[in-house]
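Novice: As a plain string of letters, each chain reads:
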Amino acid sequence: MAKVLVFIDNPGASLKKSSLELLTLARSLGESAVAVNGDLSDDVAATFAEYGVGTVLHPSVQDLGDFLVAPKAAYLAAAAEAAGAGIVLLDNSPEGKEIAARLGIRLNAGVITDVVAVDPDGTAHKSVLAGSYNTSCKATTAVSVLTLKANNVVPGPAPAPTTPESATVEVPAVANAARITAREQKVASGRPDLTDARIVVAGGRGMDGDFGPVEELADALGAAVGASRAATDAGWISHDAQVGQTGKTVSPQLYISAGISGAIQQKAGMQTSKVIVAVNKDAESPVFEIADFGIIGDVFDVLPQAAAEIKKRKG
Amino acid sequence: MEETLKIVVLVKHVPDAQFDRHLGGEGNTADRDESILSELDEYALEAALQLAEARGGSKAGNQVIALSMGPAGAVNAVKKSLQMGATEGVHLTDDALAGSDAAATSLALAAAVRHLGGVDLVLTGMASTDGETSLVPAQLAERLGLPQVTFASSLEVDGGRLTARRDADTSSETVEAPLPAVVSVTDQINEPRYPNFKGIIAAKRKSITTLSLAEIGVDPAQVGFAGSWTTVTSAEERPPRTAGTIITDEGDAGIKLVDFLAAQKLL
Ligand SMILES: Cc1cc2nc3c(=O)[nH]c(=O)nc-3n(C[C@H](O)[C@H](O)[C@H](O)COP(=O)(O)OP(=O)(O)OC[C@H]3O[C@@H](n4cnc5c(N)ncnc54)[C@H](O)[C@@H]3O)c2cc1C
Ligand SMILES: Nc1ncnc2c1ncn2[C@@H]1O[C@H](COP(=O)(O)O)[C@@H](O)[C@H]1O
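As given, the protein sequences belong to chains V and W, one line each in that order.
Using our numbering, read the first sequence as starting at 1 and increasing by one per residue.
Using our numbering, read the second sequence as starting at 1 and increasing by one per residue.
Bound-form chain W, shown alone (with noise of 0.2 Å):
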């Protein structure tokens, strides 16, 4: 018998790349309007899901929960997870959490972990699509003293033990680590699945729990913008990149080229 797996996948939601993103208000922080789940974190979704599935699924009592922690649009990185085919939704929310960085936000994402409890995994992006600075998955590890592979491009479990590879520049590793464990994974691990009719009907019938700050016992203080480690004190647009001199092929392209090139001193 395979061993039944609780594993909780973080979910972000993030402005929408395909739009213009801005920054403004208080803190120089995104504008969520138009708002999706990160790309990113479908991958770490989807392997979790596949983690399930190959140990029986919700049936045999394997768990996915999407956890997302954000304002009340938030919710939608929920919906769509479940939409996937997570068990369950988690929405941490709550006002003071505005602004928190990525050591406050894995503060309280941290506490919720520990909430759930009994948690086999915590599966993330590589990176948040609009943050980017992949910090959160080693400060939650860090935080709740688990060991921690990122950027993994493969993903095993067997025996209470999960073997991953990764991809550096130089060299792959082979790594292994003891469950619970965190695991941010890469863009090169699966091809995420599209929620099909079935899944968004089946999601409607899932529970999505709010969660606030003082139900995971953690103090307002330490998020936030009050409790974060960095602030943005300024933040400019840059000027966009405009179009420069386009020309088409007449057979002497190239030696176009290089003359461009000569005239910029790039060769």
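If we strip away everything but chain V, and leave its shape as in the complex, we get (with noise of 0.2 Å):
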């Protein structure tokens, strides 16, 4: 049976629903190893038990978070040798990206990012050309690198739990890895994660600097908040809320696009959602085009409704 190898990166207190999801799917192919960077906590050991993970290996330094992934790929690749893995999955973050960039490079192994989906054979599944294509690829190498993202497997621990062993693994010395110097914190907005959320409401320039009625009807939603780049460019509301090409992509169930005018750029990461509906007061607009559920008109007086309407109907 095929041994497939996850990197988990700081799990934290306890599991992100993404790392969840990158454990079931690594059961499903194979026999599963975790290498974690950073402290591990009792609740995440007992997650990875119920989810069925054989081994669980640690790196031999504590400071690898300090530098840019040069030194993450050399654990992981040391990591993947000791582990006999055929397929290691990271999650599809920027972050996971490149670590799988150079991780490929160490192993001589093919590289497939944003998988949606992997066969048993290993052929992954992923669309291309902004959501235009759905394509298949299989890394011809010994190993494969594949990068999941994030809401694409239902996340479920094993039939029986495991009692995973615990190894080191020696990290390889880095030459002149980007060092991270400073990490400023931003403010969490308690609202779901925008890559993961079930619903986003995204506000545009038709927001006319005030998003107060997007992040309303979001919070009556229990949605993620959105933004096109010429709301974030305006600074009404932070870059990491940019959905699109240079932003996120995102495929949650449902997408509210307000004041939005739907460039190719903005489609590139939200025509992918499950459902989309649209409020613009312009009857033009290319988003209409792919809206299922399409409202010609002002942004001021439809989500503030709808956000009444759900409130009084959840009661």
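Calculated from the structure, these hints are not laboratory results.
Don't take every hint at face value.
Computed from the model, here is a short list of chain W residues facing chain V with C-beta under 8 Å [what the hints assert, rightly or not]:
id	residue
1	133
2	194
3	196
4	231
5	244
SDA-like mimics (lysine to any residue), calculated; alpha carbons at most 25 Å apart, straight line [claimed, not checked]:
id	chain 1	residue 1	chain 2	residue 2
6	W	265	V	93
7	W	265	V	156
8	W	256	V	275
9	V	281	W	259
10	V	138	W	234
11	V	248	W	165
12	V	138	W	235
13	W	59	W	206
14	V	281	W	250
15	W	265	V	222
16	V	248	W	174
17	V	274	W	245
18	V	248	V	93
19	V	311	W	255
20	V	3	W	231
21	V	274	W	262
22	W	265	V	219
23	V	311	W	234
Cβ atoms here follow ideal geometry from the backbone N, Cα and C, with glycine treated the same way.
Put the two chains together into one complex; each comes in its own frame, and the hints tell you how they fit.
Specialist: Here it is as structure tokens:
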């Protein structure tokens, strides 16, 4: 059976949903091992057992987090060798892809990013050209490195828990890695994470400097807040909220687009959403071409009315 | 005296996203008939030009070399870069390169950078607008044994070191690395200039060097379809999204929106 190594960087107090998705996929493909970096809490260790992990690997050094990816890739390459892994799975964050990139070179392994599903034979599925094509790809090398997009696997524990073994992996020295010299923590919004939220409410230039109605509707729906680049460039909302080619790619169950025209770069980040609702006062806006439900109207009328109605119905 | 810099900017020519883009042929590669300089690489070029200009430009000996790997048409990405202000252009082209994945692309580009020699900084876009993998910059850095900083939203160079800023979801980081290094930049870093009339005229006099695999010492078997580590086994066009119900607000569209969500079981 294939051996699959999952990388989980800083698991924290409890595992994120995307990490559980990685563990679930790994188990469906073969015998799974996890390489962690950072502290391992009892809670996380228990989850590894529940999710059927066979081995948990730790790096021999503690300072991997002070550098940009190169030493993490070196650690993971050593871990993949130690585990005899045929597949290495990482998350699809910018950092996950970067580690995957360097790891691929170290292991002479093909790298496939933005994966949504993997067949038992290692064939990966992904969509390309801004969601306009579905493709199947395969690494032709002994090892394949895959980065998995969030929200595409239903996480679930193993039929029977395991008692994972633990081992330390010697991290080879890496000369000249870029060093992180300062880190400023951002304030958490308290809303769901944009990339794996079930519902996203996004606002554009049509919000005219006031994201209040977008946030109010998002909170009524328990949704994350997104934005077009016009809105983030104007400074009405943080750049992290940008959806699109140079922002985040999202595929929620529901995407509500408010005061956004629907430029190609915006569509690139949201057109694989299950259901798209658009509110725009210009009937000619391209966003209406891809909306399942479109409202030609003013965001400052429609959004507050919808938020109030939802609150009323939810009681 | 500021140090002078030899900067290589990687510019890719990609299908224009404003038109329908298609996959097909051998290995399901993108059709490049309507190709342009990848928009996101203009930010890398602008960053290079600003670094060079701050040090007295080409007169003071700073070099900004636009390097593109690709078929005949890729020379257009180099030409556009020269019009914007790059001092020279390099077009790496060879029939054997067709179908290269990120690993093969980074191998060829790494050999080209070594061939140019004495490079202080390699600047790239954050992602190509067609492949969108963002793998090439990190793979290039790994192959060249250089530090890499990806997704830089600001970049300064001083005394043989670079300082950059990276914005992640939960934090912003300041990053430092010694030169030479590979840096990919985001669209937040600057506002790329348009080529002006003077630039377009000046570009005609600038030289474009064409390199083949033999000239950079790469075995054709290591690149292209043969040398790639991944293959695309099938590609299927997704049915385009079609418009659904469109209504005009008559004072109750917010309520109708909620009715729609309830009917879709999305509440
Ligand atoms: C390299 C590059 C990368 C880019 N990356 C991205 C990206 O990642 N994401 C992204 O979104 N964009 C991106 N863009 C920008 C993109 O091209 C568009 O400029 C941008 O998406 C436009 O944002 P918008 O729709 O909010 O603004 P506009 O296009 O100005 O549209 C505003 C809309 O609001 C409507 N409106 C105005 N007032 C109201 C009202 N009161 N009620 C209802 N409707 C109203 C108008 O009818 C209009 O349709 C990128 C561009 C470049 C060049
Ligand atoms: N064929 C190529 N020629 C020149 N530069 C390239 C090529 N492919 C990728 N790049 C560079 O690498 C960056 C990231 O590309 P990618 O990894 O394909 O998303 C691009 O923005 C370019 O700067």
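Novice: Please go over all the hints and tell whether each is borne out by the structure.
Specialist: Consistency of the hints with the structure:
The closest approach between the C-beta of residue 133 (chain W) and any C-beta of chain V is roughly 5 Å, which is under the 8 Å cut-off, so the hint is satisfied. Among the interface hints, the one on residue 194 (chain W) is violated; its C-beta lies about 18 Å from the nearest C-beta in chain V, farther than the 8 Å criterion. For the restraint placing residue 196 (chain W) at the interface with chain V, the shortest Cβ-Cβ distance is roughly 24 Å, beyond the 8 Å limit, so the hint is violated. Annotation: interface hint on residue 231 (chain W) holds; nearest CB of chain V at approximately 6 Å, less than 8 Å.
Taking 8 Å as the C-beta cut-off, the interface hint given for residue 244 (chain W) holds, the closest approach to chain V being about 4 Å. Of the supplied pair hints, the one linking residue 265 (chain W) and residue 93 (chain V) is violated, its CA atoms being roughly 30 Å apart against a limit of 25 Å. The hinted pair formed by residue 265 (chain W) and residue 156 (chain V) meets the criterion: a straight-line CA distance of about 24 Å does not exceed 25 Å. Of the supplied pair hints, the one linking residue 256 (chain W) and residue 275 (chain V) holds, its CA atoms being roughly 16 Å apart against a limit of 25 Å.
Annotation: proposed proximity of residue 281 (chain V) to residue 259 (chain W) holds, straight-line Cα distance about 20 Å (limit 25 Å). Distance restraint check for residue 138 (chain V) and residue 234 (chain W): the Cα-Cα separation of roughly 10 Å lies within the 25 Å cut-off, and the hinted pair is therefore satisfied. A C-alpha spacing of about 19 Å is found between residue 248 (chain V) and residue 165 (chain W), which places the hinted pair at or below 25 Å, so the restraint holds. In summary, the hint linking residue 138 (chain V) to residue 235 (chain W) is supported, as the alpha carbons are separated by about 12 Å, within the 25 Å threshold.
Our distance criterion of 25 Å between C-alpha atoms is met by residue 59 (chain W) and residue 206 (chain W), whose separation comes to about 14 Å. Restraint check: the Cα-Cα separation between residue 281 (chain V) and residue 250 (chain W) comes to about 12 Å, which is no more than 25 Å; the hinted pair holds. At roughly 14 Å between alpha-carbon atoms, residue 265 (chain W) and residue 222 (chain V) fall within 25 Å of each other, so this suggested pair holds. As the CA atoms of residue 248 (chain V) and residue 174 (chain W) are separated by approximately 22 Å, the hinted pair is consistent with the 25 Å bound.
Between residue 274 (chain V) and residue 245 (chain W) the alpha-carbon distance is near 15 Å, which keeps this suggested pair within the 25 Å criterion. Distance restraint check for residue 248 (chain V) and residue 93 (chain V): the Cα-Cα separation of roughly 10 Å lies within the 25 Å cut-off, and the hinted pair is therefore satisfied. A C-alpha spacing of about 12 Å is found between residue 311 (chain V) and residue 255 (chain W), which places the hinted pair at or below 25 Å, so the restraint holds. Taking the CA atoms of residue 3 (chain V) and residue 231 (chain W), the gap is near 22 Å; set against the 25 Å cutoff, the hint holds.
The suggested pairing of residue 274 (chain V) with residue 262 (chain W) holds, with an alpha-carbon distance near 15 Å, which does not exceed 25 Å. For the proposed pair residue 265 (chain W) and residue 219 (chain V), the alpha carbon gap of about 17 Å is at most 25 Å, so the pair holds. Among the hinted pairs, residue 311 (chain V) with residue 234 (chain W) is inconsistent with the structure: their alpha-carbon atoms are about 46 Å apart, more than 25 Å.
The structure fails to meet hints 2, 3, 6 and 23 from the earlier list, while all remaining hints are met.
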